[in-house]
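Peer 1: Take a look at the letters that make up each chain.
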Amino acid sequence: MSEDLISKKELLDLTGISYGQLYRWKRKNLIPEDWFIRKSSFTGQETYFPRQQILPRIDKILNMKDGLSLDELADVFSPALGEVQLERHELLGRNIVSEGSLVLYKEVCGEPAFFNLDQTLALYVLDKLLRSGEITREEGRMLLGVMSEHYGRFAGKPCDLVLLRKMGVPVFLLAAGGTEYYADSEAKMVIKKPIGQFTEELKLLIGK
Amino acid sequence: MSEQGQHTGNEPVRNDLNISGMSTTAGGIYRNVRIDGMAKVNGSLDCSSLRINGTLNMKGSVATGEMTVNGMGTIEGPVKASEIRIDGMFTLRGDVSCTNLDVNGKSKIEGRLEGDQIRIGGEVGVKGDVQCEAFYTEGNVKLEGLLNAESVEIRLHSVSAIREIGCERIDVRRIERGFWKNFSLMGAPRLKADLIEGDDLYLEDTEAETVRGTRVYIGRGCKIKRVEYKESLQTDEDAVIGTPLQV
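Top to bottom, those sequences are chains U and E. So for the first sequence, numbering that gives the first Met the number 0 puts the first residue at 0; every next one is plus one. So for the second sequence, numbering that gives the first Met the number 0 puts the first residue at 0; every next one is plus one.
In short, the hints are calculated from the structure, not lab data. Do not take every clue at face value.
[Stated by the list, open to error] Here are the simulated distance ranges between beta carbons: (1) E:R154 with U:E86: 57 to 67 Å; (2) U:D74 with E:A133: 23 to 33 Å; (3) U:N62 with E:A133: 26 to 36 Å; (4) E:S22 with U:Q51: 56 to 66 Å; (5) U:K27 with E:V12: 29 to 39 Å; (6) U:D3 with E:A133: 34 to 44 Å; (7) E:K141 with U:P111: 52 to 62 Å; (8) U:L4 with E:S22: 53 to 63 Å; (9) E:E132 with U:D33: 21 to 31 Å; (10) U:D3 with E:G27: 47 to 57 Å; (11) E:R162 with U:D58: 28 to 38 Å; (12) E:K141 with U:D183: 43 to 53 Å; (13) U:K187 with E:V246: 35 to 45 Å.
[To be verified] Here are the simulated PhoX-like pairs of lysine-lysine, each with C-alpha atoms no more than 25 Å apart in a straight line: (14) E:K224 with U:K8; (15) U:K27 with E:K79; (16) U:K192 with U:K25.
We treat Cβ as the ideally placed atom computed from N, Cα and C, and that holds for glycine.
Pulled out of the complex, with its shape left as it was, chain E reads as follows:
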């Protein structure tokens, strides 16, 4: 982002845009954009910050520094931001690229997701591939592509599904819950995956077709059809493993 709101060189003057009430706008270049009511944006937005407390329906793309969503809405185009925080309910139909993504609400991404640090506390579905350095979730994720990350940390509350994971380290653990919470409606906590590959794997409550790794620990509650390991394999008694194979 450029100098905020200052006229530098051929950079246009950036004004603030506040929408409260209902309105339709064409988009454009702004400094701070704040939407408290219901807004429809027909074009694209280029702004230093975007804060959505109401409802936003956007046709174009977003390029911004900081994006915060407390309300709900849809963005049809690609989103580029350094910080994204979603506490409301949001659908992003394009590719998303950011440095930090924090989701505590519910969101759906229909393109690819690229970032540095991704933290998910709420519920997130991603259709495309996910790429980041650190992926942490305590929520409910459904990733239909490949999750490629340096480190993956998953704390299981409910059922999450990730088609394929490729990483250096992965750590999947169940969160200890109180007695009564064991009867929750969401079913037993679980991670379902087709394929998990990495160097250091620590898995609990994971259901997978194939797990391949260098140093592998298969903990309680795991159900894995095929395990391939290079250096070491440790298993819990309470894990079901089809065919372990040292390669």
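So that you can see chain U by itself, here it is in the shape it has in the complex:
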């Protein structure tokens, strides 16, 4: 999969940020190290970024930096989940997930007294994808299975959620961030989203 890249120069022009800001955010881990992709060009080495990830990230940093310190922002963007316990009514009351997703969760994983962040994340991903109509309830069950069984293995490292469908048969994958994978031509890739995107949104929702 060839990713759409943006050069550093283009990025600075487009977003209006300065070199100092870019390097400061890198130091504070607001922009992960592996987004800096070095390639040789006619002027020597050039740095590129994955366009789909860097642009929304910079937008978020610029919009949020007035309210939060850089270190707090770094926590939001870090893929590691902290320690939080949420009760069912809190999840519903704060509009983190909907009733329907909770019911489905209960069918698959049972109902815990508290939802820890891993469980909340699985729920949140489920809810988001169900609401957007990208997956069916049946696929939602598979998603919960994959998330609860395997997400812990990534131990805070970035990973992607992938949904493939071939002839109506869905397959979920959790793949370490940045890996390449290829499927046969009849398989359709329906979803490919970094889990980090969900953790960021979730942390902001919880933090409110």
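Chain E: place on chain U using the hints.
Peer 2: This is chain E only, laid out in the frame that chain U set:
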């Protein structure tokens, strides 16, 4: 660091460790560690302060408040400390993270270096990337990765090389030397770099492939192949510049 030497909760009692003469130890948790002779530590050290006057050969990692080296030695594992001062000769094979680093001796770091304030008066080589808020050197540095700092100040005595610099401000100046010192063995003072990027750049005696900045001053003795600037570019007559380009 926890309460020094006091028994608090489940924190172990910290004793002092003094080594004079030759000895081998396993490492462990201590309060103040002082090495005057020759010591070999096979494990890791967790201590409030570590002072090395003799020779230390260490296999594990170090976590300490204050680390001072007057002697020489090697640490194989990563080092975490709030203050590090190296006046002797030292090799650190792992990553180093600290608040303040002061090197007046000679040292080699084979991992990454992370800190807040880094001052180098002696000679330092770093294989990995260097990250800090303020980087100041009057010495001789050879950084093979990216130097990422809020402010970089370099006073040139001899030849320094930094592969890549990304910062907000950089200030590179030659130190005026007496007439006789111009004939020193080390050659003309110089900073060599592949790439320098920042908002406010002031460069003298710098040799670089590419310089990119917002406000750029290229001073005497510079040799730069490609300059890209956003707002302003000033150049000294005594600077050689390939292609200036406003972007």
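Peer 1: Look at each hint and say if it fits the structure.
Peer 2: These are the hints, each one checked on the structure:
Against the hinted window of 57 to 67 Å, the Cβ-Cβ separation of R154 (chain E) and E86 (chain U) comes to about 60 Å, which satisfies the hint. The hint said 23 to 33 Å for the Cβ distance between D74 (chain U) and A133 (chain E), and at roughly 24 Å that hint holds. As the Cβ distance of N62 (chain U) to A133 (chain E) is approximately 29 Å, the hint placing it in 26 to 36 Å holds. Checking the proposed 56 to 66 Å range against S22 (chain E) and Q51 (chain U) shows it holds: the Cβ atoms sit about 58 Å from each other.
Separation of K27 (chain U) from V12 (chain E) is about 37 Å and conforms to the stated range, judged on CB atoms against 29 to 39 Å. In this structure the hint that D3 (chain U) and A133 (chain E) lie 34 to 44 Å apart at CB holds, the actual value being about 37 Å. Taken as a hint, the range 52 to 62 Å holds for the pair K141 (chain E) and P111 (chain U), whose Cβ atoms sit roughly 55 Å apart. A C-beta distance of roughly 56 Å is found between L4 (chain U) and S22 (chain E), which places it inside the suggested range of 53 to 63 Å.
A beta carbon spacing of about 23 Å between E132 (chain E) and D33 (chain U) agrees with the range 21 to 31 Å that was offered as a hint. Remark: the range hint 47 to 57 Å for D3 (chain U) to G27 (chain E) is upheld by a beta-carbon distance near 52 Å. Distance hint check for R162 (chain E) and D58 (chain U): the Cβ-Cβ separation is about 31 Å, which falls inside the suggested range of 28 to 38 Å. Restraint check, K141 (chain E) to D183 (chain U): a C-beta distance of roughly 51 Å satisfies the suggested window 43 to 53 Å.
Checked against the given bound of 35 to 45 Å, the beta carbons of K187 (chain U) and V246 (chain E), roughly 42 Å apart, stay inside it. Only pairs whose Cα atoms come within 25 Å are accepted, and K224 (chain E) paired with K8 (chain U) is accepted, the gap being roughly 18 Å. Straight-line distance between C-alpha atoms of K27 (chain U) and K79 (chain E) comes to about 18 Å, which keeps the hinted pair within the 25 Å bound. A hinted pair counts as satisfied when its Cα atoms are at most 25 Å apart, and K192 (chain U) with K25 (chain U) qualifies at roughly 22 Å.
Checked against the numbered hints given earlier, the structure satisfies every one of them.
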